[in-house]
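**Q** As a plain string of letters, each chain reads:
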Amino acid sequence: MINSIYSVLAFYGLATVIVVAAILVVLMRNIMHSVLFLAVTFIAMAGMFLLLDADFLAAVQILVYAGAVCIMLVFAIMVIRRTDMAETNLFNRQVLAGVGLTVLTLALGTIFGGRTAWTQLVTHEAVPKNTVQYIGAFMLSKYVIPFEVAALLLLVALVGAIVLARDEEVKDNAGTDDYS
Amino acid sequence: MLENLFVGIAHWLRALLGGTGILPVEITESIVFLVKLVAVLIFILLNALWLVYMERKVAAYMQARIGPNRVGPKGLLQTTCDIGKLISKEIIIPKNVDLVVFLLAPVLIFVPTLMVFAVIPLGKNMAALDLNIGLFYLLAIASVSSLFFWMAGWSSNSKYSLVGSMRVVAQMVSYELPLILSLLGVIMITGSLNMSAIIDAQTKVWFIFTQPIAFLIYFIAAVAETNRTPFCLVEGESEIIAGPYTEYGGMAFAMFFLAEYANIMVICAVTTIVFLGGWHAPFEAFAIGGAHVFTWIPSWVWFFLKMYALIFVVMWFRWTFPRIRVDQLMGFGWKVLVPLALANIFVTGIGIYIYKAIGW
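So the sequence lines, in the order shown, correspond to chains A and B.
Read left to right, the first sequence gives residues 1 to 180 (our numbering).
Read left to right, the second sequence gives residues 1 to 360 (our numbering).
It should be emphasised that the hints constitute simulated quantities derived from the structure, not laboratory data.
Cβ atoms here follow ideal geometry from the backbone N, Cα and C, with glycine treated the same way.
Each hint should be verified, as a subset may be incorrect.
[What the hints assert, rightly or not] In silico contact screen, one side only, chain A against chain B (beta carbon under 7 angstroms); selected entries:
hint : residue
1    : 55
2    : 63
3    : 71
[Stated by the list, open to error] From chain B, some residues computed to sit far from chain A (all C-beta separations above 10 angstroms):
hint : residue
4    : 136
5    : 144
6    : 154
[As the list claims (entries may be wrong)] As a list, the in silico DSS-like pairs of lysine-lysine whose alpha-carbon atoms are at most 25 angstroms apart:
hint : chain 1 : residue 1 : chain 2 : residue 2
7    : B       : 124       : B       : 36
8    : B       : 85        : B       : 74
9    : B       : 57        : B       : 36
10   : B       : 159       : B       : 95
11   : A       : 129       : B       : 124
12   : A       : 129       : B       : 36
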């Protein structure tokens, strides 16, 4: 796949967009702009998946990250809305902590990146034309335990959210007469 | 002849470009693809032009009025004149707007709709791009559009726009769930996400008959996704002055309406594909006296007839139902549509196994 000039050009174009947008997420002073650049990063990542012939994964990336995660962030920001949005994503002076965290992340990335046997991960077969069926089969056979654990975790989170929301509603209505 | 009109044009163009032997295959294919996409764009714009006129005529008919009747025969050129007026208008930029986001939103709002149209088969072999994951691609791309509505509403820096945009986001996120869940039943029966495969599975029976509940859920949720009445509280003129579009004027405002009409086309096209047999003629599998009854009409004409019938229903909604309240909207989405869609998936799953066990 990565042998024609077009795919190489596309890779570097997408990589540039991803890195620049990700840096801008951090640098933007208005947190709303950060969210928008985060969406750009996610969509460019989907392009990266497309380049690897993983069309289903690309669509999932767009649906879940660009479509849902960004919107959830918007909701979260709107709930804690401040009067002046221009100064919501400021820098702080925690230089020591920042440097420590960066060094730690880089070190971990280097260690795990160096340990991974990249050449063995690359398959030499052609990517199947229809990847969805294979992903589905793998999720319910080889990776069924992680799949179920993730599903359970999401269910717990969902029930927890409902409980939190209900609790407030019950308290709100406690003082008033029931009007149902 | 008519049946293969557009497919024939594509073949002819490919043969013409490839026949010269000068251009490499990649360039030829890109040019053919570009022509397809430009054709789709022109198709959307012409239809949107017609739909605005149709909406006004339908509204007039429902209210026992005549509707536009001065410009051109039967008022047909009314929308063309309106576009001219809108283009000549100034785009007013209020103080304290977030300029880049404010100007980007009306441009970007049209992008998902245009991208979605690439995978819609408008007739036999008439999808610009026949993706394996066509339906999923469509849902994924469509889900991004709520972000652009929010961009428009938030950057306007106006309370009406902000309230409207938060309503858009809440409504679109809530109704995306029943929308996707209702399509799952059809996907389970077909075993494919490919649009052409879904249409092929409906040669004998349309899915509206085997999945009637899914059809209803899908259609309701889809109308909500396009923010049309009765789900138009996001742009309620009387309470929040058109919501996210309050601060827009001229062509920037028109872009939102263009996108809305294009979205109506998308949802009606998807309903046609998934539930009404796509480009198949009715009773195509049955032949009376050795001859098929309706297949002499080209497949793309059938597609448009079905699509426009559904568009008429959507317009009919607008002049029949009152606007619903926010809490009613959320309650209906989460407490009625989502459980119903889940039950539909469950029953469909059992039904497929019973069907296999009987072995018809």
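**Q** Does each hint fit the structure? Answer for all of them.
**A** Hint check:
no., hint, verdict
1, 55, "6 angstroms, holds"
2, 63, "4 angstroms, holds"
3, 71, "6 angstroms, holds"
4, 136, "5 angstroms, violated"
5, 144, "5 angstroms, violated"
6, 154, "6 angstroms, violated"
7, B:124 / B:36, "15 angstroms, holds"
8, B:85 / B:74, "20 angstroms, holds"
9, B:57 / B:36, "31 angstroms, violated"
10, B:159 / B:95, "14 angstroms, holds"
11, A:129 / B:124, "22 angstroms, holds"
12, A:129 / B:36, "23 angstroms, holds"
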